Amino acid sequence: MIHVRGLSKRYGAKRIFEGLELDVERGGFVLVTGPNGSGKTTLLRIAAGLAYPSAGEIDVEVERRELGFLAHESLVYRELTALENLELYGRLYRVPERRERCGMLLERFGLWDSRNERVSSFSRGMVQRLALCRVFLHEPELFLLDEPFSALDAEGAELLERELASRHGHATFLVATHEPERLEPLATARLAFA
Amino acid sequence: MRGYVGDVAALARKDLLLEVRSRDTLPAMLIFVAAALVIFHFALPSGTGELAGLGLLWVAIVFTALLGLSRAFVAEREQGVLDGLVLAPSDRSAIWLGKSLAALTFLVLAEAIALPLFAIFFSSVDGATIAAVALADIGICAVGVFVSAMATATRARELLLPVLFLPLAIPVIVGGVGASVADSAGRYLGFLALYDALFATICWASFEYVVTE
Amino acid sequence: MSTWLRNNALVASAALAAVLLTLAIALVAFYAPLDQDGLNQKIFYFHVPIALTAYACFGWGAWKGLLHLWKRTPGADLESYVAIHLGVIFGAMTLVTGSIWAKYRWGHWWLWSEKQLVLFLVLFLFYSAYFMLRFSVEPGPRQANLSAVYSLFGVVLIPISFLAIRLANAYIHPIAFTSHGPQMAGSQFFTFCVCLAAMLSLFAALYHLELAGKRLDAHLRELRELLG
Numbered sequence: 001m002i003h004v005r006g007l008s009k010r011y012g013a014k015r016i017f018e019g020l021e022l023d024v025e026r027g028g029f030v031l032v033t034g035p036n037g038s039g040k041t042t043l044l045r046i047a048a049g050l051a052y053p054s055a056g057e058i059d060v061e062v063e064r065r066e067l068g069f070l071a072h073e074s075l076v077y078r079e080l081t082a083l084e085n086l087e088l089y090g091r092l093y094r095v096p097e098r099r100e101r102c103g104m105l106l107e108r109f110g111l112w113d114s115r116n117e118r119v120s121s122f123s124r125g126m127v128q129r130l131a132l133c134r135v136f137l138h139e140p141e142l143f144l145l146d147e148p149f150s151a152l153d154a155e156g157a158e159l160l161e162r163e164l165a166s167r168h169g170h171a172t173f174l175v176a177t178h179e180p181e182r183l184e185p186l187a188t189a190r191l192a193f194a
Numbered sequence: 001m002r003g004y005v006g007d008v009a010a011l012a013r014k015d016l017l018l019e020v021r022s023r024d025t026l027p028a029m030l031i032f033v034a035a036a037l038v039i040f041h042f043a044l045p046s047g048t049g050e051l052a053g054l055g056l057l058w059v060a061i062v063f064t065a066l067l068g069l070s071r072a073f074v075a076e077r078e079q080g081v082l083d084g085l086v087l088a089p090s091d092r093s094a095i096w097l098g099k100s101l102a103a104l105t106f107l108v109l110a111e112a113i114a115l116p117l118f119a120i121f122f123s124s125v126d127g128a129t130i131a132a133v134a135l136a137d138i139g140i141c142a143v144g145v146f147v148s149a150m151a152t153a154t155r156a157r158e159l160l161l162p163v164l165f166l167p168l169a170i171p172v173i174v175g176g177v178g179a180s181v182a183d184s185a186g187r188y189l190g191f192l193a194l195y196d197a198l199f200a201t202i203c204w205a206s207f208e209y210v211v212t213e
Numbered sequence: 001m002s003t004w005l006r007n008n009a010l011v012a013s014a015a016l017a018a019v020l021l022t023l024a025i026a027l028v029a030f031y032a033p034l035d036q037d038g039l040n041q042k043i044f045y046f047h048v049p050i051a052l053t054a055y056a057c058f059g060w061g062a063w064k065g066l067l068h069l070w071k072r073t074p075g076a077d078l079e080s081y082v083a084i085h086l087g088v089i090f091g092a093m094t095l096v097t098g099s100i101w102a103k104y105r106w107g108h109w110w111l112w113s114e115k116q117l118v119l120f121l122v123l124f125l126f127y128s129a130y131f132m133l134r135f136s137v138e139p140g141p142r143q144a145n146l147s148a149v150y151s152l153f154g155v156v157l158i159p160i161s162f163l164a165i166r167l168a169n170a171y172i173h174p175i176a177f178t179s180h181g182p183q184m185a186g187s188q189f190f191t192f193c194v195c196l197a198a199m200l201s202l203f204a205a206l207y208h209l210e211l212a213g214k215r216l217d218a219h220l221r222e223l224r225e226l227l228g
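Residue numbers (our numbering), protein chains in the order written: chain A, 1 to 194; chain B, 1 to 213; chain C, 1 to 228.
Hints in this document: simulated from the structure, not taken from any laboratory.
Remember, predicted model here, so these are calculated numbers, not experimental data.
Glycine included, C-beta positions come from ideal geometry on N, C-alpha and C.
A hint or two may mislead.
Unchecked claim - Using C-beta positions, here's what the derived DEER-type ranges look like:
1) 59/B / 103/C: 23 to 33 angstroms
2) 39/B / 221/C: 42 to 52 angstroms
3) 107/C / 5/B: 52 to 62 angstroms
4) 15/C / 59/B: 21 to 31 angstroms
5) 128/C / 97/A: 49 to 59 angstroms
6) 75/C / 110/A: 47 to 57 angstroms
7) 138/C / 49/B: 44 to 54 angstroms
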């Protein structure tokens, strides 16, 4: 599903990574590890189509519709409510039965009671949960997740693990993380950045 | 097509909703335009005539629009939301069009105050001027939102917006002032319509490249 | 023959430019007849070709910008930048020669009724912003995209601004091809054409020269990175 050949990325004079080779087959679960600034986020952004490689090739065999991207930032509007944010993304992703689906996800991630509150009043963990709702909203085939467990409390982490496990083998995952141990049981391959 | 229209509507509604919640852009534009008109009174020595006042009306409109446009992509910049919109399967030009419609709404609301104020302070505003304002608004918002997106992608951000926008606004000023001042406004109104058509088309076609690499 | 030309574009265009410029100066100085405007009319042989060459630069820059966006042609962005850079230089020269002409003909360094001059002033502002835009973004695909889009806007702005200025002004500027037009004496027209060809080939020569220099810079940088 993802084929990477000789991928390199530079920002000006700064070399992020070079000569990367990677193959992710459908249904695979790839853990991407490495210290801060090693290029995990950059790889995910290139795979999502948000950044352009400096050299090499990357082939991602899904359309934008089937792609779910979780970034460091939450990608939600602070002055809109949780429900309004999800409804907007639901509309843009043409999610069928939008209302019901948004409500269902908010409930699944424990945000139903806060659905009509503005994101600016949320704690960091709640914002992350909303970001996860956004990613799962349109049932993507390919998940590109950048540090999905960051800011989650124990309950939130459990909810996420459950969602990931239930899709294991059906959807494809490329997950960058600081805590690979948690996701070890699900991983089909590992990529370590230096 | 229906999907596209729905996307644009959802995005425009989102921008209007954000403004209703935060209430920062529109009030600033209203106060700015009122203050500008007062300043223009002091800037026009006696004997300069009615025509100079009409010219300054257009200056006020362009700079009030500029003020509003500098805030156009602020909400998208926090939390990296623009990436979220760009990743969506919807056409990227819908982002530009939705936001232009919202900007147009703010500008029209500001002018709903500015034009009567102008009529009170200076001279009455005729039908040709109002038609010109309507046409000019379209061009200003289309180009302004586009250029605001470009500025957001740079290091200098809002500093760059007037630099990029004002040269492109010169034809609008010419069309607007001409329609307000000349005997036959038709030519100028036609020119404004041409400007709108050409620039809206090129904005619509190339917005994709402003928000992607 | 054409491969030889392509590989030696710089040398060929420099040679052509040298020949044509010498010929043009000679023609203007000795051959072209004086008309009622007097000696200062000779500036016209440079002013208008320089202006037309500036338009050509901006047009070429926009074309390369379009190639970058549409076909992602490698190197198109650099070529677009160099063309626009030269366009600004020719544009500045247009303003200077036009100003000199205005001073001698009408006694003022600047006249708002001079449509060409005003148009170039607007374009100068616009393309100066191009540089501010370009250098406010890190080198890379983003910078290339924004520059290319902006160059397309420029090319649309040129006719629109021209129309705008025409609408805005009472006409005074003697546009060469309507006031002299087919009425331009054969010798004047010939001299004008030689000057135009000279300016265009000067653009071509400078274009290839600057491109060669920038490509060399890029190669050096790549080598340094490979070694470093």
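To see whether the hints hold, each was checked on the structure:
Taken as a hint, the range 23 to 33 angstroms holds for the pair residue 59/B and residue 103/C, whose Cβ atoms sit roughly 30 angstroms apart. For the pair residue 39/B and residue 221/C, the supplied restraint of 42 to 52 angstroms holds, since their beta-carbon distance comes to about 51 angstroms. Between residue 107/C and residue 5/B the C-beta distance comes to about 59 angstroms, which sits within the given range of 52 to 62 angstroms. Against the hinted window of 21 to 31 angstroms, the Cβ-Cβ separation of residue 15/C and residue 59/B comes to about 51 angstroms, which falls outside the hint.
About 53 angstroms separates the C-beta atoms of residue 128/C and residue 97/A, a value consistent with the hinted range of 49 to 59 angstroms. Between residue 75/C and residue 110/A, the C-beta spacing of about 53 angstroms keeps the proposed range 47 to 57 angstroms intact. The supplied range of 44 to 54 angstroms is met by residue 138/C and residue 49/B, whose beta-carbon atoms lie about 50 angstroms from each other.
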